[in-house]
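So the protein sequences, as listed, match chains E and G. Under the UniProt record's numbering, the first residue of the first sequence is numbered 1, with each subsequent residue one higher. Under the UniProt record's numbering, the first residue of the second sequence is numbered 1, with each subsequent residue one higher.
Everything labelled a hint here was simulated from the structure, so no lab data went into it. Incorrect hints may appear among the rest.
It does not matter which identical chain is used: a pair holds within one copy or between any two.
List of simulated lysine to any residue pairs, SDA-like, C-alpha gap at most 20 Å [stated by the list, open to error]:
{"id": "1", "residue 1": "Lys-342", "residue 2": "Val-322"}
{"id": "2", "residue 1": "Lys-342", "residue 2": "Gly-316"}
{"id": "3", "residue 1": "Lys-342", "residue 2": "Ala-215"}
{"id": "4", "residue 1": "Lys-342", "residue 2": "Gly-8"}
Chain by chain, the residues:
Number of protein chains: 2
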Amino acid sequence: MTEPLAPGATIGILGGGQLGRMLSVAASRLGLKTHIYEPGANPPAADVAHRVMTAGYDDTTALAAFAASVDVITYEFENIPTAALDQLEALRPIRPNRNALAISQDRISEKAFLNEIGLTTAPWAIVTTAADLDAALTRIGAPAILKTTRLGYDGKGQARIMAPADAPAALAEMQGAPAVLEGFVDFSREISVIAARGLTGEVAAYDPGENVHRAGILHTTTVPARISSAQRSDAVLIAARILNALDYVGVMGVELFVTPAGLLVNEIAPRVHNSGHWTQQGCAVDQFEQHIRAVAGWPLGDGSRYADVEMLNLIGADVAQVPTLAREGNTAIHLYGKTEAKAGRKMGHINRILPRT
Amino acid sequence: MTEPLAPGATIGILGGGQLGRMLSVAASRLGLKTHIYEPGANPPAADVAHRVMTAGYDDTTALAAFAASVDVITYEFENIPTAALDQLEALRPIRPNRNALAISQDRISEKAFLNEIGLTTAPWAIVTTAADLDAALTRIGAPAILKTTRLGYDGKGQARIMAPADAPAALAEMQGAPAVLEGFVDFSREISVIAARGLTGEVAAYDPGENVHRAGILHTTTVPARISSAQRSDAVLIAARILNALDYVGVMGVELFVTPAGLLVNEIAPRVHNSGHWTQQGCAVDQFEQHIRAVAGWPLGDGSRYADVEMLNLIGADVAQVPTLAREGNTAIHLYGKTEAKAGRKMGHINRILPRT
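I would like the entire structure built from these sequences, with the hints used as guidance.
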């Protein structure tokens, strides 16, 4: 399929979390329907999607029926079992492609790929045994951070090593999983570029946002980021290089460290990204619609921004602030429809329109 | 119920058209669900609503089940049968209230109400017979316009009378329905105020938009309207007077004529209004969310605007321009998911962000 999807067509989305929810709303604005595939009952996306399939990723009958009911398949999270993807890919196009997904599912393949296309990352080394870790610490030095190679997000599966003596405890935290040691980077700030590549190869990027984390979870993203215009174009060029190298179709989040030596790539996510939620208030075409446009073969929005915005995540009990936040001027609330406010759970976010500088 | 609805609560919406669709999306942002009541199959709102009840307004079993499944009831169109409203009102609160709905369902009661609270309208007279029409034309003069008192929208049920000789043909067009003769108003422009009143009586208004019609259907709304700041405050005060007089809860659209003698009220609509669609790009809280906030007992957004916007309706075959419009910068597309592009049918709209003046 290379023709743009016509209104009334259906986009299949693997995963029914808040990203799938906001992708569904964006698809509706373009007259497109969504069908959500999600093992859990009553996922956040269910309220706003045309259809929901409640089934596991090992249910080959459900996967086949799902594929038959959609025109193209995309996803809102990275950790989809390979066998399910194999089955789906034989039936419908998957966008972004399998290669992009495979690379970003594994920290080692991601870093190797980034270095291969000439981009700088923090120094890193593969660690499976205590001997690997000793050798890696000797080369990279402490402080450093040990991370599992797969399934890591929001600070999970990570252990800091401030001095070589911390090494055994850090390795134990990996619970035998393959890991990667990353050298600490002396960065002044972290920024994100949310960029998209269309089916015809066009690339569009949003203005980089500046990220602040708390307890390993994104806390705020603010646009414009406090960076120079040279850094701004560098960031966009880095994102474009990654998208083109992967023959990517869709939106990608690229996290970068701003250092005295230039921009380093921290990590990439082959999907819409929490640090791009500000685009819902700042841009005519937000990241969710941009992703839908890309996977549907539509022209991309140009990424231009008409407001300064601060995005603030509502994590766990933060959601209790909503009645107060609802009284604030120039503040857009986005709740995800989750009923239980567990600690560390992303319940929603707000976008504050800032006075223009 | 006077407590704000908690996330997870359900708002029942009578009518499943594009306004119900955009109300459902807005409700989802606040973590609220919607249940749509609509006689027609596959209405535009179905794709994004939590539930849809497909049943007629004479189906008392369906109406009872619908009411039992929701916390509060609102509507996206005025012409709901009285018996259905009677049944629903006994079971759940209806917002805006019955009185507001009754007044705006009938041009005569609407004009009488507006005059009663001290607002100016075009000169008008009730017309049932040829003798009524002759007498009315003598008093009001031609040109004038004859309109059915009920069920009129988008220029339907209207006949222009340029000279007394046009009277018989105009009356025949009413097909025996009660009608009202309105004198022509010499206005320089038409503006709309979209205003809201909350459950606690607070009122918030958006900046007035300037409307241009084509063939009796809204074509564009542009903010800011080209009016003086005195006219801007007059417009907002007029809207507030109407809302307070009706003890109104929800969003109302108020159409005003700008004349040398001041602002005249053209008509009011007890719901979100096509001329308020620009708020989707111009405001942190758009008219749809504002209506949901009001009927859910939440605090209102303050109505402040952070962008200049032109809203353009896509009527019938206009929707074929979407592939071209999708390539325009700073242009947000909103399609309603209707498959057949009949002449005169509202298929979608776009909001163009304008360079700030």
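Comparing the hints with the structure gives:
no.: 1; hint: Lys-342 / Val-322; result: within (16 Å within a copy, 43 Å between copies)
no.: 2; hint: Lys-342 / Gly-316; result: within (5 Å within a copy, 48 Å between copies)
no.: 3; hint: Lys-342 / Ala-215; result: within (15 Å within a copy, 55 Å between copies)
no.: 4; hint: Lys-342 / Gly-8; result: between (37 Å within a copy, 16 Å between copies)
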